[in-house]
Structure formats: structure tokens, C-alpha cells
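Following the hints, put chains B, C and D in place on chain A, whose structure we already have.
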Amino acid sequence: MRYVKISKENTYKFLEHLKATGALYAPQKISDRFYDFCAISDVHDVEFEYDRTIRPPRRFFHLPDEKMFNFDMTRHELTPVKTQAEHIILFGVHSCDIVGLRIMDAEFLDEQKDSYYETRRKKGIIIGLSCLPDEYCFCNVRRIEFVDAGFDLFFHELPDGFLVRVGTVTGHKLVDPHPELFEEVSADDTKNMELFEEKRSSMFSIYGNWDNLRYFLELRMDHPMYDRESEICLGCGNCTLTCPTCRCYDVKDLPAINQVNGERVRFWDSCQFRSHGLVAGDHNFRATKKDRFFNRYHCKNAYCPETTTSYCVGCGRCTYFCPAEINFKRNLMEIAGYRGAV
Amino acid sequence: MMTIIEECTGDCRPRVGVYALTSCYGCQLKLATVQKIIDISNMVSFESFYMLSSASKMAADVDVAFVEGSVSTERDLEELMEIRKHSRILVALGACSVNGGVQSWAEGEMDHDALHKCVYGDSKLTMQGLQATPISKHVDVDYYLPGCPPEEDEIMYFISAFLIGTFPEPKDYPVCAECRLAGNPCILIERGEPCLGPVIVAGCKARCIGFDVPCVGCRGPVPHETAWFDSLAQTFLRKGMTEKQIRQRMKIFGSHDPNIERMLHSILGGETE
Amino acid sequence: MLITKDNIYDTHKCRLLRKYELTEHESLFLFRFEDPEVAQNWRYLPGQFVELSMLGYGEVPISICSSARRMGFFELCIRNAGRVTDRIHKLQPGDIVGIRGPYGNGFPVDQFHGRDLLCVAAGLGMAPLRSVFLYAIDNRWLFGNITIINTARYGKELLFQKELEAMKDIATAENIAIIQSTTRDPDWPGLKGRATEHMDKANVDPKNCAVAMCGPPAMYRGMFNYLVDAGYDPRYIFVTLERRMKCGVGKCGHCNIGTATSWKYACKDGPVFDYYAIISIPGLI
Amino acid sequence: MTRKKIIRPINVDHVARIEGKAGIDVTIEDGKVTVAEMNIFEGPRYFEAITRGKSLEDATAVFPRVCSFCAAAHKITGLQAAENAIGLEVSDQTRKIRELLYIGDYIESHSLHLFLLALPDFLGYPDAFSMAEEYPKVLEAGMRLKDIGADIQTVIGSRYIHQENALLGGFGKLPSKKQFASLGRRLKYLRNTAEEALETLVSYRPWPESEMSRLHLALEPYDGTYSVMGNTVHASDDTQFNAAAYRMRIDEFVVPHSFAKHCLYN
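Chains as they are written, first to last, in our numbering: chain A, 1 to 342; chain B, 1 to 273; chain C, 1 to 285; chain D, 1 to 266.
Chain A with its partners taken away, still in its complex shape (with noise of 0.2 Å):
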């Protein structure tokens, strides 16, 4: 792999240079205690201490809303809905969400692609920041804390710029048209990076893996904690829709008023919701509120062997992002019997 370093002011100019590529996003404080990845216009807004978006970054890739096909009824056509071509450009993601991406990657673009997802996936440059874990993250227990796959360019934080390593031909051409900005890694870059990683893995709260947990999920079935929590749950389904791997959706119609015309659209859905277990004859495969609680534990903690880790990728969003407080983290260990700080 190729190292460069870079400094912070010319971080700056690095940046204003990926803003004229394509559209550029990055992290953003849009509340006292929130953060999102925003379009960019000053890059001094860009917050690079930044815990977790509200948002996870596949609403680049997958749409939150997205109109597939336009339609005729009348001569029975489906047109699709051409998808923009610009470059998106997620500067700031940390290690969780690349991570979150190529599950999505491994979902969308298996041997049945998604055409929508694929083309602006394909014009997408992800470019990694390091970050320091707060009570909330377990991705080091995921295994996936120090990400070496799925990003362009990774930043790691330095006490005078950022080690950058260049993970993809796309990064090597960003890096390469501006040798102003960049320089060589040196052996003191080298022991900050070393340091830096050093004391982020003493910051996690709890250590080891968790890679038996999915065995015990399935033992503890009947575990208590999922009728005490689902009993608090508000079945918002803000946890699968912060989520960086959720990417449930639901298709419809919409007709236009003159009776020929219309649109195919598609909107994200949520396993927490009534209707998503729901057949025809009003039979529901995740009748209650609990089956529905239930369904979330097992089908995050279900293995991808794509990217060999679980669908969950210990970002914390789904804990931080709960108004009833629902700490997923807890739970998973308190059925585990996992120990270590909560």
C-alpha cells in the first residue's frame, strides 16, 4: 500500500480540490449533539472530530426515496428512471460505515445487480478518517476496527496532519495531480500513527470478540431480555433507519390523475414495522411487537461472509439513536453473558 502525509492547512486545499470533482459530503454538526454528512460549501465546516452521522452514508448509494421506473398503463411499458451520474464524494467516513458499505456492496452487487445502486456506487470516492471509540461503538469486538478494504484514501489523524494511506487506483489519482500538498511518511509520522492506535484501542470499553455471539442468540432464544426491552421499544424503527447495513425497502405505484401515467417508487423500510412481515390474507410472519425486536437481534448479528464479519458493524448508532434508550450493545452481552463495561 502507498503512504503520503499531509498536513492540516493543505487538508484544507485537498479538500477544496475534491469539492470541484463532484459533489462533495462530509461530516457536519447540524445540532448540539448531532452530526451528518452534509454538502460541503466551506470546507472549514467539515468537523473531523465527529462521533457518528444521524444518517449512515449507503443513503448516497441507495436512496432514502427513489423513483425506479416511470410508467404507461395503457401501453404496459416500464421505463426506468436514469440514475445521476455526478461523483460523490463521502470525505470523514470512519472504519464502521466503509465497513457498512461493502456489506451493502456485497448485497447489491451480488450476481443479481442493482442497476440503480450500482451506477452511483461506481462514481462514489470514499475517503476514510480515523476516530477515537466513545461509550457507545464496539467495533473493535467486530473485528473491523482498523478497516483495510473499501475506501479510497484513509486519513489517519496526526498530530500535524493526517497519514493517509491510498487504498484504490482512484485514490492514487486524487493524490497524484497535487504533489504540492502531499509529502513523504517519516519514521516520527509513523510512531504518532502507531501511538494514535495505541490509544484508541485502550479507549473501547469492552475488548475480546464477539464472534460466538450468534450461537448464543440462538441458545438463548427465549432469553427474558427480549421481553423486557421490547416492552420499552417504541417501534420507531429509528435504529434500522440510522443503521449503516439496514437496507430493507418497500416498492409502490403511485398513479398519475390522468389515469395512464405514473411511477414506480421505492422508499426504505424497516423490519420494526407491522407491515413488513405482512402477507396477503392479513397473515403477519412478525406479528408483535417483540417478533419484530427479535427479528432485528438475529438478522444484524447474522455473519456476511463477504466481508467476513456480522451485519453489524458495532457503529453504535442503533443505542445513541433511541429515544426509549435501548442500549443494543448491553443487550447483546447481557445474553452472551459477555462482561466488560457497558
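Note that these hints are calculated values from the structure, not bench results.
Possibly wrong hints are sitting among the right ones.
[Claimed, not checked] Quick list of simulated restraints, FRET-style, between CB atoms: (1) Gly222(C) - Glu111(A): 33 to 39 Å; (2) Glu134(D) - Lys85(B): 34 to 40 Å; (3) Gly240(B) - Leu88(D): 19 to 25 Å; (4) Thr261(C) - Tyr207(A): 20 to 26 Å; (5) Gly222(C) - Glu190(B): 49 to 55 Å.
Owing to the predicted nature of the structure, the values given are computational and were not obtained by experimental measurement.
C-beta: ideal position from N, C-alpha, C; glycine also.
Structure of chains B, C and D alone, referenced to chain A:
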């Protein structure tokens, strides 16, 4: 592809009636001011629409009747029965019609006599008022368009779907879902404000939260008994709200929900009044 | 064979040729592809399903119930149970619908060859199993003895009852046992009771028999116990599951089934699962 | 020979093209009107009763629901009353933006009333739909005026019926400078349209003159701009009083044939 149109002479357009019981007329106003109202008026024939047309009949024979307002007088009730008799499809339009509206806020607190006395004193009127109730308490309702007022896209979706002989799939998820997709920060988590997003049915694209205003619940509780008032009351208590505040807040638009009293009782105990 | 367009969610036009009423709520629809090239090359396996699209109304997954041998045509048995299926029931011959698929794994009929075949259907489960049964009849020489058990609550709900009744003439000569039974119908003149109660009439050899089942989970539980006790080879017991397969291609997530170690999409990994897959997913049936 | 008394009752069971439900009963005896009653049979909603004992935040959220055409008026009046009650002073900016919201409502409800509800009477149509083909221009102009009024309210108040973004002491979120500027541009651009439309409107028929003596009440504006918000009420008989003293000057009383109360000025 439409089913073969039976022989019709003259005007073959579907007939529509728009009626009001007791309400603020906002739902009809919304219907009358959708951008495509002229297109709609070309596709259907308005047989009755008192707010807009003097060629209206009370309870005209129609294919679809939109009824706004709650049943708040004996006359409302009589009219509603007539409307139902003359309509193939009956749509409850807006919060009053779907959930009883704000006029049901005192439900369970004050009966009709107390309300009357508070406003009219001992004066007698020739007309009889009633405790406000949603129309579904009295007649079969085929479709609900909630909201105070209902949203334009939902009205358009319903009419377009109706014109091709179907109806939109009703939403059964809360405002929170649309709020997250809109990218709003959550004011319930962040500031502990009494936002009713988690129990109120979606469709407004989290309009108020987008303005940093907590949801007052004008679209009414999520249907199919999936509005978890008990869970939200617990959350509100944790955020420091009082039992009275919680009860009042949830009942502004939700006092006729069949579960609200039971659910609040399980968390807050009985009425404190 | 899956013939997709550039966009996997795009559909092929199909023309409705005939519509037969089967019961009060279910009808059988015969479709043909409009595009001759698609009609020539479209293949499917018994147990697979298609996504049927009614523009303006939506899409529904429907399992194919015709014989895979008849090319260019296919039949769907559809229950009128919702917005889209209600519209489908109003279709007239000559009308056009959109079809994509076939999706799902289908029954591994290749593995069935050389074995006896037992089909057990309850209610709407007869729809996908008709496809298996007709496949076996069309390839009669590849199979040993064949038994089909078709059950429903009431006689008027028994799908393809007349069709199966009409086959009884050749059934004996062809070593085919056709058993039709109702569970709750006091006026039903024929057999009464659940499928397990008629297993003694099956003319198959448990040790060399493939089993295909479709019905509600309660039936699977009862049948599994019976079959394993009776010495049927669990590797050849297959069931098909019903879920809300909205996209058909493992994207939309509505048909997800299973628990943490065996997380599956019914549309992509199923809807047909074998005995061991089912018992490995706790709480599935 | 005594002449038989001629009694002619006129009953309008349901007045169309108004906001609300009302009927009119008139009886004419020997050429003289003896009964003239407006029956408001629109059901009572008891706002005065249901908001008792409720928190100010919840009560002010409910007030705009009194009427959809003038929701902003009810919202802002309710807020002002609540603020007065707890002694909360709002900033000048808040007052100004509230006034703008209110004016948006004015523009919207007045154009609706003139072009959609009243105009068909002057042109001899039962409703605006049926005159759309013959008089598309004036109707379109009216709708554009209505739209700008609605958009002012949507931008400031979240929507044009039952605005939620007006709270005790201020607003949840203020519109951006850009949004205000764009509204300003549109308003300037619409000025000609508005004037033309009004001219067209008055040209259709002379407005009816009434010789009855009437009394009008109006608010004196805070800063001399437009009289939608203020503390002093002026009457057309040259008297004036403080808005807080309305109970002394305006007598509310119940009439048996109407759910709406009547008022007398004294």
C-alpha cells in the same frame, strides 16, 4: 384495461361529494387548493362541495364521499347517515373525521353538559350538540386520510388510485421514520421535548420537526394498535415530564384511540384530576 | 432460465390467454410472453415463482403452478386477497401484465429422478405442488410410484379438485394415488382428516421416496414427525415457505427468515428448503 | 273587506361558498322584514372549555384549529394572549415575522374568498370550476395571489393551514435569508398581477352599496404599517379602547338559533 364502462349517457365521470360536519374546514380547503385541482375537477364531477359550489346537494348520489369533521351535533349525525346511504365509498378526511379532532381533547375529562355550560352558560339552544366523535363510531369508513390538515400528496395519491379503481396502501409506521430520512436531529433525544413522532402515523415528512417544533400529533396515532403510548410515556417520564403533561399531550389528537387509556394507565396510573 | 433486462426490476409483457375460476377466491390464469424470444427461452423449475406486475397497483410474488414442460406458457393460481390480486382477478383475456423471474431455487427435481414421489398440499399449497406433480406426470418414466395428497378445510376450497378427480381414471394404471381430503367440511362426501391421517394410503416406498410439501407451518410439524418416524429419508423431504417476496432478488429484505447462524432470504435461498435446513433454523415452523 | 296578511318566509338551508355551515331564515310580512336570522349550525367545538387547565404549549398548538382560513390569526392571537398572561416580551424580530406570517394568511384567505368563493356570484356560475374555461385569466391570477400568501405561511409557519412553527416567545426555526429574499422577489413580481386582477374584479359589476349604518372595529398597528397586530382598537364612531378591555366594550351573548355567539359594542 379498465373494467368495461357501463353504458353511460352524458357525464360519465366518477361523482364526488365533499361534505363537512363539525370542523375548521381546513381539509376541504386543502383539497380545494391542491395544485392540480383543475385537473381533478376535469376528471371527476363534484356533485356536492358546499364550500366551493352553490350547485351542491346534501347527500348527493356519489361514488366517493369525502367527509371532514367530527360528529358534534345531532344534525351532523343525521347528515352523516344520509351521506353514507348515498355514497359507494366513504373517506374520512382529516383529523376530526378520523380521530375526533382537537374538539375531543376533553374526552374523559368533561362530558358534553360540562362543556356546554362552560361556553354557553345556562342558555338553551334550539339545536343539540353532542360529545365530538370520529365518524367511524357511527358509520363504516372505507378509507382514512389523516392529518390536520391532510397532506397534498396523500390526497392526490388517493384520488389517482381511486380513478383507476384501487386505493393507496395505508401507512402504518410513525413520523420518526420520515424524520430520520429527512435528516432532522431528534429533538426528543437531544432536548427531551415532548415530540409525539414515535406514536403518530407518518405522511407529513416530519414537517414540524423540520422546523425544530416537536410533533403535536395532528395526524393521529399509528393504526393497527401499533402506537405504543405506554413506551413513549415511559420515555417522557424519564425525560422529566409530569404525568399530567404526558396525558394531555398525547390526548390532543389521540383521545379516541382505543388503547390510549389502557396504555397510559399501565404507566401513569389513573386520572389524576 | 432467468431472462432479465438491463434493469433487474424491469418486466416482460405477458398476455392473459385464459382465466378459470377454481374456487370462490382463487382462479387459474394462463399467460403467454409477448416477446417471441422470451417465450422461446424462458424456463423454470417447479416451486419457482414470478413477480407479477400490475402497473399502478404494484407487484406480487406468485408461484408458478403449471408443468415446466410446456414452453412459452405458464399458469398462475392466484387468490384474491389484496389490492393487486383484486385487480388481477378483474383481468380479461387479452389483457397485458408484466412478469419478471422466475425466482427462487425451486424443487430440485433432478434429485427426485428414480424415486417415488409424495406431494402433500394443504390449502393454497396445492398451487406450487401442482407444478411438481405435473412435472412428474409429464416425465412419468423418471419416477417410481406417485402419491398426491391434497387437503383443505372445506370442499369448496379444495384447489384443482376437479382436475385431480378427472385424473383418477388413469391414476391406477399409472401407479398414481390421488388422495383428496377435507378437515372441517361436514358435507364433503370424500375423505376427511389431515394429510397425516391418510399416509397409510400412500403407495410410495419411504426408503426411496422424495417428498414435496406446501402448506401452513402446523402441517409441516405434523408431517415431519410422521415422515421421520416412518423411515422417510430426511435428505429428500422438501418444503416451500411463504413470505412477502417484494423484490424476488434478495434485496428488499421482506422475506428474510431465520436466526443468527442461518440468515436467509426466502426468495433467493428458498422458497424451497430441505428438512435439515428447516430444523437448523430454530423457531422457523 | 280586510286584506289578507301576506307572509313570505325565505329559508336558505345551507349557504354555499362560505367557510362553515350556516342557514338563513327571513320572514317578510306585508313587505316588511320581521325575522332575519343567520343560523350557525356548525357544531360547537368548545375551545374555551377544552383548553382549560392545559399547558400553554399544548393550548396554543390547538388554537389555530378554530378556523382554517384564518389559522394564523388564531395562532398568533393565542400566542400573544399566552405571552401576556405570563409576562413574556417577544423580540421585535419575532413580532415582525409574526406579522408577515399573518399578512401571508391575509393574502391567501382574501384571494381565496374573492376569486374562488365570491367571483362566481358576479359572473353567474355555481362555482369556480365551471367558470375556469370562460375566465381562465382572472382565476389564474387569483390563484397566483393565493399561492404567494400560502407560500409565505409555509416558509415561515410550516404550512398554510394550522401553522405549527410559531411558538411561545418565537419560532422553532427561522427561514433563511435566501428564502425571505425569494419571497420578496415574488411579491414584487406579483404586484402588477394583483392590481390587474383587482381591477378586473371590480369591473364585473358595481359593488352593492349599503346605506345601513354600521360600526367597524380595527386594530391600531404597532408601527403604523398594517393593522393586523396591535393593542388599541379603533371603532368607526371615533371611540377607541385598549384590546385588554374588550370584555367591557364588547358584549357576547347567546342566541338560541345559533352555535355562534353574537356581540354588541357599547
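For each hint, the structure was consulted:
With their beta carbons about 37 Å apart, Gly222(C) and Glu111(A) fall inside the hinted range of 33 to 39 Å. For Glu134(D) and Lys85(B), the hinted distance range of 34 to 40 Å is satisfied, since their beta carbons lie about 36 Å from each other. Against the hinted window of 19 to 25 Å, the Cβ-Cβ separation of Gly240(B) and Leu88(D) comes to about 22 Å, which satisfies the hint. Remark: the range hint 20 to 26 Å for Thr261(C) to Tyr207(A) is upheld by a beta-carbon distance near 24 Å.
Taking the beta carbon of each, Gly222(C) and Glu190(B) are about 53 Å apart, inside 49 to 55 Å as hinted.
When held up to the earlier numbered hints, the structure conflicts with none and fits them all.
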